Amino acid sequence: MSLLQSTQFRPDPSADAPRRAWVRAWPEFQNPAAWLVALVLVIMPLIANGFFLIEIFATTLILGIIALSLMFLAGYGGMVSLMQLTIAGFAGYMVAVFGISGNANISLGWPWWLATPMALALATLFGTLGGALAVRTEGIYTIMITLAIGAAFYYFTNQNWAIFNGHTGINTVATPHFWGVDWRADIAFYYVALGVAAICYFAVQYVSRAPFGLALQGVRDNSRRMAALGFNPNAHRIAAYAFAAFIAALGGVLQVWNYRQISPGSVSVGACIDVLIIAVVGGITRPIGPFIGALIFVLLRTFALDVLIKFGLDGNRFRLLIGLGFLAIVFWSSDGVIGLWERWRRRNASSTQRSGGGRHG
Amino acid sequence: MARFIERHPAWALIVIIAVAVLAWLVFAIWPPGLEAAIGRKRVFLNAVLNGITLGGLYFLVASGFTLIFGLMRNVNLAHGSLYLFGGYVGYAISSWTGSWLLSFIIAFIAVALVGVILQLVVFRRMEGQDLRQTMVTIGLSIVFADLMLWVFGGDFYQIQTPSWLIGPIQLPLLTAIKSSGEPVYLQYPLVRLVIFAASVVIGIAMWLALNRTRIGMIVRAGVDDRDILAATGVRIQLVFVLVFALGAGLAGIAGVVGGTFQSLSPGEDTRFLLASLVVVIVGGMGSIPGAALGAVIIGLAEQLGSVYIPTYAIVVTFLIMVLVLALRPQGLLARR
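Each protein sequence line maps, in turn, to chains W and P.
In this text, residue positions in the first sequence follow this note's numbering: the first is 1, and each later residue adds one.
In this text, residue positions in the second sequence follow this note's numbering: the first is 1, and each later residue adds one.
Please keep in mind that the hints were generated in silico from the structure rather than gathered at the bench.
There could be a bad hint or two in this list.
Partial chain W-side listing against chain P, Cβ under 10 angstroms, derived [as the list claims (entries may be wrong)]:
{"no.": "1", "residue": "F57"}
{"no.": "2", "residue": "M118"}
{"no.": "3", "residue": "L122"}
{"no.": "4", "residue": "L125"}
{"no.": "5", "residue": "L133"}
{"no.": "6", "residue": "A148"}
{"no.": "7", "residue": "I149"}
{"no.": "8", "residue": "A162"}
{"no.": "9", "residue": "L324"}
Covered stretches of chain P, going by a simulated chain W footprint (3 or more residues, C-beta under 8 angstroms) [said to hold, decoys possible]:
{"no.": "10", "segment": "152-159"}
{"no.": "11", "segment": "274-281"}
{"no.": "12", "segment": "301-313"}
{"no.": "13", "segment": "317-324"}
What you are looking at is a predicted structure, and each value in this text was computed from that prediction instead of being measured.
We put the beta carbon where it would ideally sit given N, CA and C, even for glycine.
Just chain W, with the same shape it has in the complex:
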């Protein structure tokens, strides 16, 4: 396709070549809708007040980052890992343990610029080790093993008092405060979350088109053929786990700064599965999917109570709503909301092109 285009349309190859290479690398910069979304996100603090800014949009971005790491593994690597939230929670715990918190007997009191890289490094290591374990199996087995890892971590944090402070968790975790800015203040924190989310989004986009990402997709589609071509499938898979673990760890650090506390409830099995739901509902073929899924999830979680009561139903049935919605998505669209939207657009396009044309299977 691209070869065909470049031979047919060539007005001024010498001047246009770098620009076209750039367009091919970053097609989203050609899309006016993407620019509009970016603009809205950047001027969001002018539109939304503190509650919406943090409880809806910052939370969406954080959950989106964690789900993005799952999307990377599932979409490009074909590995559905349920331990991404566990890695994020581990990073959060490490920030609380190495940094400053209300539990002085546990926290080591390091400054944030030392504690955060430490937490990121340890969580990445944790995710890589878990991944090295999980790649020994394939397909549905991966789900089971990563779920077992996530559940074991949850029960461990519940039982362990020396490091994780049992079921009470670690409270009043200190947040960064430098250059005269309190980075946990609503607007500043929103921009931090937005910046990290944007970096993660573009990093995933970039890696998916880099040689490593293409090899990973090759491993997903046919690992035996890739092995015959001289690639090491397991090394690629473990590297993918490491990359995804780093993204999840970034999300986990932001999450602990957002809530200022962490407890086993934050890494429970239900929460692990929520991340899967977010990624699947959004769609696991594109990096934008997890953020859409996270927005839907956060909106439902926040407003389902009011809406259900308004319809005269029990407001506590929000999880039922989430579960049924998830079931519906899994039933009717294997590619989440993105898939539904693309199908709808394609149908519209085809009906305008050849109205009344026969459907083909």
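Position chain P against the provided structure of chain W, taking the given hints into account.
Just chain P now, with coordinates in the frame of chain W:
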């Protein structure tokens, strides 16, 4: 057995030594030095028996899980919900009629019906799509968990143990010898032993049914290659429904057992889902003897761990899983 010793002499030696040490620990009277080092023998024996009986419960849950997986390649992550549902049904029946045995029968039938409906309405439509089926079971487990929370609330329920099973029984296991020379025997709750015996009977019955009957032959053939089986004219959808009903019904029975042993509350579904996952990963996917071995190992590890290293008990379980995955990724007793 002989082949195993021939092929892995070192492993066989380790296993034999471990069994011998365990047997000595169980039957001998401990010398004072050992009691000073790791505590009373009574504590140890209780932990071992608790572990084995807990293993019986885990086997009941995991055998249904592994049966369903083995035949239909369906990782039923709603299995924990089926367990909890069976427990609630059993509680409702036993508190309504007062009959403990009846609660088993009704729980089996009710949960098996749920299994039949699931197989007919949901899983049959997406046959061969492993990942999608697994996602659906996740969605179902969320829906079931919330529905059960709606109906039964967040309270703890315990199924009443029948009067003829209440109380301890004396086992012919010496725990100590009094200074007067009089031997002290171990006291142990009768109900746990009865339930363990029942799960052993169920396990053996399942093994016999799978290996000695015609329907078992069909199921085993389906585990090996269901396409060829279907091509030979067996009505495979019927077999699928039956196996799903049996697996779900076993989870329901396990729910009643768990409700008598321990208690029923929201969150137990996840706990038993995790237990059956680990048991099946350790024992080998799709293998009934594997589920039995894995269940006993995990039950013992959990109970001994919670007695001797309380804060790291879950880590022991996890380490066993990691070790098995590292040495034998397909599980201890899986064929492939």
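The hints, checked one at a time:
no., hint, result
1, F57, "violated, 25 angstroms"
2, M118, "violated, 22 angstroms"
3, L122, "violated, 17 angstroms"
4, L125, "violated, 15 angstroms"
5, L133, "holds, 6 angstroms"
6, A148, "holds, 5 angstroms"
7, I149, "holds, 8 angstroms"
8, A162, "holds, 7 angstroms"
9, L324, "holds, 6 angstroms"
10, 152-159, "violated (count 0)"
11, 274-281, "holds (count 5)"
12, 301-313, "holds (count 4)"
13, 317-324, "holds (count 4)"
In summary, the numbered hints that this structure violates are 1, 2, 3, 4, 10.
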